[in-house]
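J.: Below are the chains, spelled out letter by letter.
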Amino acid sequence: TQLLEQSPQFLSIQEGENLTVYCNSSSVFSSLQWYRQEPGEGPVLLVTVVTGGEVKKLKRLTFQFGDARKDSSLHITAAQPGDTGLYLCAGVSPGAGNNRKLIWGLGTSLAVNP
Amino acid sequence: DSGVTQTPKHLITATGQRVTLRCSPRSGDLSVYWYQQSLDQGLQFLIHYYNGEERAKGNILERFSAQQFPDLHSELNLSSLELGDSALYFCASSFSRDGYGYTFGSGTRLTVV
Chain A
1 TQLLEQSPQF
11 LSIQEGENLT
21 VYCNSSSVFS
31 SLQWYRQEPG
41 EGPVLLVTVV
51 TGGEVKKLKR
61 LTFQFGDARK
71 DSSLHITAAQ
81 PGDTGLYLCA
91 GVSPGAGNNR
101 KLIWGLGTSL
111 AVNP
Chain B
115 DSGVTQTPKH
125 LITATGQRVT
135 LRCSPRSGDL
145 SVYWYQQSLD
155 QGLQFLIHYY
165 NGEERAKGNI
175 LERFSAQQFP
185 DLHSELNLSS
195 LELGDSALYF
205 CASSFSRDGY
215 GYTFGSGTRL
225 TVV
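Sequences listed follow chains A and B, in order.
Per this note's numbering, the very first residue in the first sequence carries number 1; after that it's consecutive.
Per this note's numbering, the very first residue in the second sequence carries number 115; after that it's consecutive.
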């Protein structure tokens, strides 16, 4: 069974601090997605990483896909209260058609305090 | 507004009852996915429809069923409800069959009392 473990589960920091959250698995994924979910809303896709070692930046957010495509990290620089939310990673399993599955982590709940 | 519309937003019902959740996908999207989200189990994939046909089943109970209509909207039917069915139910849509890059709706919060 493919699993995605996210750490830490909860994180509470002050505005302006930097942070990194992790998404780890023992399985290889063909790609990995990061979502942010705010209370009362559905997850919103932030980025998809596809190539091992790939780094993508979205303003103050930096996403990295591990070389072996088994893990990923999300680094936020100078966090702001608007970054508060649940960060979810989802890995796309290798395969084609119906064999391809999206495996979800449980998420990291981030609170950025003003 | 993500473009994916889910109704109702909140639903409170008694054990043993049956409810229907509705989802209209984003314009042009052919795939609809249903998910259940609870605090302890995270997002659990239930079922996927593409252009009216069932494509994949996940952890969907036999008491639950879904369909996608010719106009591409989808309904999730939950019957013989139990307390443990209380959760957020999300619908997501995408253009492709393969599920890259979902767009989620705002969800339906179901409370079974």
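Treat the hints with care, since some could be wrong.
[Unchecked claim] Mimicking SDA-like on lysine to any residue, the simulated pairs with C-alpha atoms at most 25 Å apart in a straight line are:
#, chain 1, residue 1, chain 2, residue 2
1, B, K123, B, E189
2, B, K171, A, S93
3, A, K59, A, S26
4, A, K70, B, Q158
5, A, K59, A, D83
6, A, K57, B, T217
7, A, K101, B, I174
8, B, K123, A, G85
9, B, K123, B, G166
10, A, K101, B, N173
11, A, K59, A, T84
12, A, K101, B, L197
13, A, K59, A, K101
14, A, K70, A, G16
15, A, K101, B, H124
16, B, K171, B, T119
[To be verified] Chain B is nowhere near these chain A residues, computed Cβ spacing over 10 Å in every case:
#, residue
17, L11
18, E15
19, G16
20, S27
21, V28
22, T48
23, G53
24, E54
25, V55
26, K56
27, R60
28, Q80
29, W104
30, G107
[To be verified] Estimated spans, in silico, between C-beta atoms of each pair:
#, chain 1, residue 1, chain 2, residue 2, range
31, A, V44, B, D154, 32 to 38 Å
32, A, E38, B, I126, 39 to 45 Å
33, B, G172, A, T51, 25 to 31 Å
34, B, L153, A, N18, 36 to 42 Å
35, B, T127, A, S12, 20 to 26 Å
36, B, L175, A, V55, 37 to 43 Å
37, A, N113, B, L197, 43 to 49 Å
38, B, D185, A, E41, 24 to 30 Å
39, B, E176, A, E15, 47 to 53 Å
40, B, E176, A, T77, 45 to 51 Å
In short, the hints are calculated from the structure, not lab data.
Using N, Cα and C, we set each Cβ at its ideal position, and we do this for glycine too.
J.: Which constraints among the numbered hints does this structure fail? Numbers only, ascending.
T.: Violated: hints 3, 12, 13, 14, 15, 22, 29, 30, 31, 32, 34, 35 and 37.
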